[in-house]
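Student: Those protein sequences? They're chains A and B, same order as listed. Residue numbering for the first sequence is 1 to 62, as defined by my numbering. Residue numbering for the second sequence is 1001 to 1320, as defined by my numbering.
No lab work stands behind these hints: they were computed from the structure. The structure displayed is predicted, hence computed values, not measured ones. Just so you know, even glycine gets a beta-carbon here, dropped at the ideal spot from N, CA and C. You may find that some hints are simply not true.
Said to hold, decoys possible - From the derived model, a few chain A residues whose C-beta atoms are all more than 10 Å from chain B:
#, residue
1, LYS16
2, VAL21
3, LEU25
4, ALA26
5, VAL29
6, ALA34
7, VAL35
8, ASP50
9, HIS51
10, SER52
What the hints assert, rightly or not - DEER-style ranges, computed between Cβ atoms:
#, chain 1, residue 1, chain 2, residue 2, range
11, B, PHE1294, A, LYS39, 42 to 48 Å
12, B, ILE1253, A, VAL29, 44 to 50 Å
13, B, THR1147, A, ALA27, 38 to 44 Å
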Amino acid sequence: MTRDQETSHLHMRRAKRNIAVGWILAAFVVVVFAVTVVKLADGQAMQAFDHSLRPSLLESAQ
Amino acid sequence: MTDKSLQSAALQNRTIAGFDDIMVLLKPRVMSLAVFTSAVAMVIAPGPLHPVIALASILYIAIGAGAAGALNMWWDCDIDYQMRRTRSRPVPGKRLDRQDAFQIGMWLSGFSVVMLALTANLLAGLLLALTIFYYVVVYTIFLKRRTSQNIVIGGAAGALPPVIGWAVSAGSMPLEAWLLFLIIFLWTPPHFWALALYSADDYRRAGVPVLNITHGDRATRRQILLYSLSLAPVSAVIAVSSVGGPVFAVAAIVMNGEFLRRVWLLWRREQEVAKTDRFLVERKFFRFSLFYLFVLFLALAADKVLLMATGIHFLTSGSI
């Protein structure tokens, strides 16, 4: 294998790796989006204490 | 990597890491064990767990396990180079730079811990961080080259994934989760020492103090027997616990019976006899031990499905 062929081979190997990384990043975006949708769908559980009393914070009101 | 560095790699007759090399760096076999045991724990633990959260959590546990594997290969590249079994790994095989392995391991560790804490809960994230730390620092860096008990103490890292899975689902780690931990913890020494019996030359060459090198083959076979005997009662306790059921009870009896039969054969063998058939019994036991763990965990999941379908806890005759 000549030096040019070898460089070309390495170039192809790098390109394949970069494409795979691209797919993984795209999949990660989908996972984060899906998790966000699920968590937002259960909005009540995400209410935090904001220093003002509201009925939903009282156990007896639930 | 720039085009200049590509030319430099070509000049030095090196290759560059492909995606497959990075996957090997993450130890997919170890990763699959962590994924499977943690997934089963998520299924059997109480508490509603949305499938999307479960799948994302399994993904981050897998990445965390892979990160620990990468850091293990970074630290152990000198040992891996001397052992026939590991010589072709990306770092000793010079397809991946040692520092790249370190960076991949560190970045993926941080990423997986943070993402698991955000996706599931803080307890699960902390347990994953503890698992990675224990495997890399306690086992790989401190124990592996110093003591013949390395695999016994270090085995705790491999046993933690079900506890993480339980924490993801229930946000806690009760006794049942630690029973799952115990089963893997006690299973690891017999599983690994069976491999060590037929890979002794490799470990001797690399200078790793495996039990059969420091204490001899007879002592190792005796320890395999003792750990296997202590493994069976744990299955019995799980069978009558809240996560046990008829499927697990039957699986535990059958699998432990076969496990102990094979251990008995292995214990009775002399090393010289084992050499004549190239450690056939030991090799078969090593493979069977993987199957043993797989079946027991699968049985736990099957019992949970049965419980959900019928609403009856068969061994305690109570309804949920």
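Student: With reference to the structure, classify each hint as holding or not holding.
Tutor: How the hints compare with the structure:
At roughly 6 Å from the closest C-beta of chain B, the C-beta of A/LYS16 falls inside 10 Å, breaking its exclusion from the interface. With a minimum CB-CB distance of about 8 Å to chain B, A/VAL21 fails to clear the 10 Å threshold, and the non-interface call is violated. Under the 10 Å C-beta cut-off, the non-interface status given to A/LEU25 relative to chain B holds; the minimum distance is some 12 Å. Every beta carbon of chain B lies more than 10 Å from that of A/ALA26, the smallest distance being close to 14 Å; the non-interface claim holds.
Consistency note on A/VAL29: stated as away from chain B, and its beta-carbon is indeed over 10 Å from all of that chain's, at 12 Å minimum. In this structure A/ALA34 is not separated from chain B by more than 10 Å, as the shortest Cβ-Cβ distance comes to only about 5 Å. Taking the minimum C-beta to C-beta distance to chain B, about 5 Å, the non-interface status of A/VAL35 is violated against the 10 Å cut. Distance check on A/ASP50: its Cβ is at least 21 Å (rounded) from any Cβ of chain B, clearing the 10 Å threshold; non-interface status holds.
With 10 Å as the threshold on Cβ separation, the claim that A/HIS51 sits away from chain B holds: the shortest Cβ distance comes to roughly 23 Å. A/SER52, annotated as away from the interface, keeps every beta carbon of chain B farther than 10 Å; the closest lies near 26 Å. Take B/PHE1294 and A/LYS39: their Cβ atoms lie about 32 Å apart, and the range 42 to 48 Å is violated. Range check, B/ILE1253 to A/VAL29: Cβ separation about 47 Å, and the 44 to 50 Å hint holds.
Hint check: B/THR1147 to A/ALA27, Cβ distance near 41 Å, so the stated range 38 to 44 Å holds.
Violated hints for the displayed structure, listed by number in ascending order: 1, 2, 6, 7, 11.
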